[in-house]
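> Listed here are the chains, written in short residue letters.
There are 2 protein chains.
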Amino acid sequence: MTMRARVYVTLKPSVFDPQGRVVADALHTLGYGDVRDVRQGKFFEVELEADDRAAAEARVAEMAGTLLANPVIESYRVEVL
Amino acid sequence: MTMRARVYVTLKPSVFDPQGRVVADALHTLGYGDVRDVRQGKFFEVELEADDRAAAEARVAEMAGTLLANPVIESYRVEVL
Numbered sequence: 202m203t204m205r206a207r208v209y210v211t212l213k214p215s216v217f218d219p220q221g222r223v224v225a226d227a228l229h230t231l232g233y234g235d236v237r238d239v240r241q242g243k244f245f246e247v248e249l250e251a252d253d254r255a256a257a258e259a260r261v262a263e264m265a266g267t268l269l270a271n272p273v274i275e276s277y278r279v280e281v282l
Numbered sequence: 202m203t204m205r206a207r208v209y210v211t212l213k214p215s216v217f218d219p220q221g222r223v224v225a226d227a228l229h230t231l232g233y234g235d236v237r238d239v240r241q242g243k244f245f246e247v248e249l250e251a252d253d254r255a256a257a258e259a260r261v262a263e264m265a266g267t268l269l270a271n272p273v274i275e276s277y278r279v280e281v282l
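Read top to bottom, the protein sequences are chains A and B. Heads up: the first sequence begins at 202 in our numbering, then just goes up one per residue. Heads up: the second sequence begins at 202 in our numbering, then just goes up one per residue.
One chain only, chain A, in its complex shape (with noise of 0.2 Å):
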């Protein structure tokens, strides 16, 4: 059947995240003088045919893992919808 899962992929927390530093400045600018720090990531919403949730977990793992995060300096989490 057909499952959706979603990936979350984030800069570990010892690598520096300019874009994030870009956005935390800019909301400085905008007034935002509350905000301490931001950091960026992105995420993808998979719609894939699977069995069982499991399944669709176990594979969505392998796709982060091999193409959508950089597990030298990203992080991500997988979940199942």
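It cannot be assumed that every hint is accurate.
Claimed, not checked - Here are the simulated SDA-like cross-link-like pairs (lysine to any residue), alpha carbons at most 25 Å apart as the crow flies:
(1) 213/B with 253/B
(2) 243/A with 205/B
(3) 213/A with 234/B
(4) 213/B with 223/B
(5) 243/A with 215/A
(6) 243/B with 252/A
(7) 213/B with 278/A
(8) 243/B with 276/A
(9) 243/A with 252/B
(10) 243/B with 229/A
(11) 213/B with 215/A
(12) 213/B with 232/B
(13) 213/B with 207/A
(14) 243/B with 209/A
(15) 213/A with 278/A
(16) 213/B with 275/B
(17) 243/B with 280/A
(18) 213/B with 227/B
(19) 213/A with 213/B
(20) 243/B with 248/A
(21) 213/A with 268/A
(22) 213/B with 251/B
Said to hold, decoys possible - Derived contacts from chain B toward chain A, CB cut-off under 10 Å, selection only:
(23) 269
(24) 272
(25) 274
Derived by calculation from the structure, the hints in this document are not laboratory data. The beta-carbon is built from N, C-alpha and C at its ideal position, and this holds for glycine as well.
Once you have looked at the hints, place chain B on chain A.
Then chain B, alone, in the frame of chain A:
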């Protein structure tokens, strides 16, 4: 106190997502023929000073509508952690 919130930004369903298309094609090429569709989005983890959860949520929703998302083609969801 310091609170954390996440903003998830996605293209509206009617908007074509070329990045997601490319990822889906790449997954097919890698042998993941069970993938039907992929849509890509981004998220922001915002750390801010706020009095309580409700205040943090309102404040971050305002940032999302102003800077983090483009309301013409994107929708967003705020989650206070």
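> Look at each hint and say if it fits the structure.
Evaluated hints:
| no. | hint | in the structure |
| --- | --- | --- |
| 1 | 213/B with 253/B | 30 Å, violated |
| 2 | 243/A with 205/B | 17 Å, holds |
| 3 | 213/A with 234/B | 30 Å, violated |
| 4 | 213/B with 223/B | 18 Å, holds |
| 5 | 243/A with 215/A | 17 Å, holds |
| 6 | 243/B with 252/A | 28 Å, violated |
| 7 | 213/B with 278/A | 23 Å, holds |
| 8 | 243/B with 276/A | 15 Å, holds |
| 9 | 243/A with 252/B | 28 Å, violated |
| 10 | 243/B with 229/A | 21 Å, holds |
| 11 | 213/B with 215/A | 33 Å, violated |
| 12 | 213/B with 232/B | 28 Å, violated |
| 13 | 213/B with 207/A | 16 Å, holds |
| 14 | 243/B with 209/A | 9 Å, holds |
| 15 | 213/A with 278/A | 12 Å, holds |
| 16 | 213/B with 275/B | 5 Å, holds |
| 17 | 243/B with 280/A | 15 Å, holds |
| 18 | 213/B with 227/B | 23 Å, holds |
| 19 | 213/A with 213/B | 28 Å, violated |
| 20 | 243/B with 248/A | 17 Å, holds |
| 21 | 213/A with 268/A | 17 Å, holds |
| 22 | 213/B with 251/B | 30 Å, violated |
| 23 | 269 | 7 Å, holds |
| 24 | 272 | 16 Å, violated |
| 25 | 274 | 16 Å, violated |
The structure is inconsistent with the numbered hints 1, 3, 6, 9, 11, 12, 19, 22, 24, 25, although it conforms to all the rest.
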